[in-house]
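Student: So the chains spell out like this:
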Amino acid sequence: MTPAVETSGLTKRYGRRVALNDCSLSIPTGRVVGLVGPNGAGKTTLLHLAVGLLTPSAGTISVLGHAPAESPAQLGRVGFVAQDTPVYAGMSVADHLRFGEWVNPGWDSSLANDRIAQVGLDPAQRAGTLSGGQRAQLALTLAIAKRPQLLVLDEPVAGLDPLARREFLQALMATVVEGVSVVLSSHLVADLERVCDYLVVLVASRVQVAGEIEQLLSEHHRLVAARRDGLQLPSGWKVIENRETDRQSTLVVRHDRPVVDPAWTIEELDLEDVVLAYMARASSNGAHRPTLVGVQR
Amino acid sequence: MIEFHLDARSGVSPYQQIVRQVRSGLRLGLLREGDQLPTVKEVVGLLAINPNTVLKAYKELEHAGLVAPRPGIGTFVTATLGDGAFAAHGPLRQDLMRWLAKARRAGLDDESIDALFQDAFRSSSERGIA
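Protein sequences, first through last, are from chains W and P.
Residues 1 to 297 in the working numbering are what the first sequence spells out, letter by letter.
Residues 1 to 130 in the working numbering are what the second sequence spells out, letter by letter.
Hints listed in this document are in silico derivations from the structure and should not be mistaken for laboratory results.
Here a beta-carbon is modelled for each residue, glycine too, at the ideal position from N, C-alpha and C.
It is possible that part of the hints are untrue.
[What the hints assert, rightly or not] Across the chosen pairs, the derived CB separations fall in these ranges:
#1 Asp108/W to Leu96/P: 52 to 60 Å
#2 Ser283/W to Gln16/P: 41 to 49 Å
#3 Glu272/W to Gln16/P: 35 to 43 Å
#4 Asp114/P to Gly9/W: 54 to 62 Å
Please model the entire structure based on the sequences and the hints provided.
Tutor: This is how it looks when you write it as structure tokens:
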């Protein structure tokens, strides 16, 4: 099956600064993909490359099997909600829907009107006077009503209060039921945990890890053991993070098969733990973290 | 119709929580043969979770022979769990409530009550095996 997004050696430079470095990904369709990383990691750059707002400096990207924005048909296949869910402040809600219908051949106006009524927006209200949550719902409606196969959303819930955030994610998940693939970015793992089934961790312009969330959780564990020199790890284990005190070693490892090793206490990790381990590794540039000083009793 | 809820701090994955809630509904007689489970769309709309999570939970319940999908309509309960002796549940629950009230009056907190119950439960099961 054609991947939703496929990249190979994808690189984007702004002058001398590298915003995205040698990114190779293959994301299947039918998923809700969380793109997570700290601010400035390159998330927006990757999303803008996917929707065709930017062109690569090197490498390739294809979206649903086509070059981004290569044709009007491709533009119709991909819905995009930019950061801070921008709308035209001077235009009414109804104007936005008319505009959407005007520029999108596949526009589903009954879907758009139903959604606007469902979330309680007044068609006559000017978009500039909407609350953050209402504005996000309007932007989502515009992206959904063009009936895309893929929805790309850049930090869609970052500025929303908890209730608006929940309502937004409910609406987004309802469109996933209809078979739409979704890629959304966030710098908060908590936003993604329930809604995503696929994760891409982007730190310092590079993809650190990507995969099915369930698989990532089953392949990563925290190992704790009393510190001793020459500690041997079973083959097939890859150390993601290594912290040592004077008496204890704490590792986060990725492994290809389940392990039982009496030398180590093995703990489950949640998604945030896994993401943080990769972030810590990336920020130390692959070098070992400085040894932490243990608590002296 | 039952309504699912999720406990974010339980450490149990959302899909497992849905499976457990259906199983406990079957055990307590809240769900009976022929009852319809909420549709995927309803669960997603309520909990704001990934639809695949709900599908996975329903698949597992289907494999366990507890529910079956009717295409285009929804997912329905096809079996009961436990002994079906729901009539006995009421009086037993009342006894348990009285016992819980007694334990609280004796100064036990929730954790102590739970520990005491689990301990008694284990020793009674062990005696059952012996």
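Student: Next step is simple, just say for each hint if it's right about the structure.
Tutor: Hints and how they fare:
| no. | hint | in the structure |
| --- | --- | --- |
| 1 | Asp108/W to Leu96/P: 52 to 60 Å | holds, 54 Å |
| 2 | Ser283/W to Gln16/P: 41 to 49 Å | violated, 33 Å |
| 3 | Glu272/W to Gln16/P: 35 to 43 Å | violated, 18 Å |
| 4 | Asp114/P to Gly9/W: 54 to 62 Å | holds, 56 Å |
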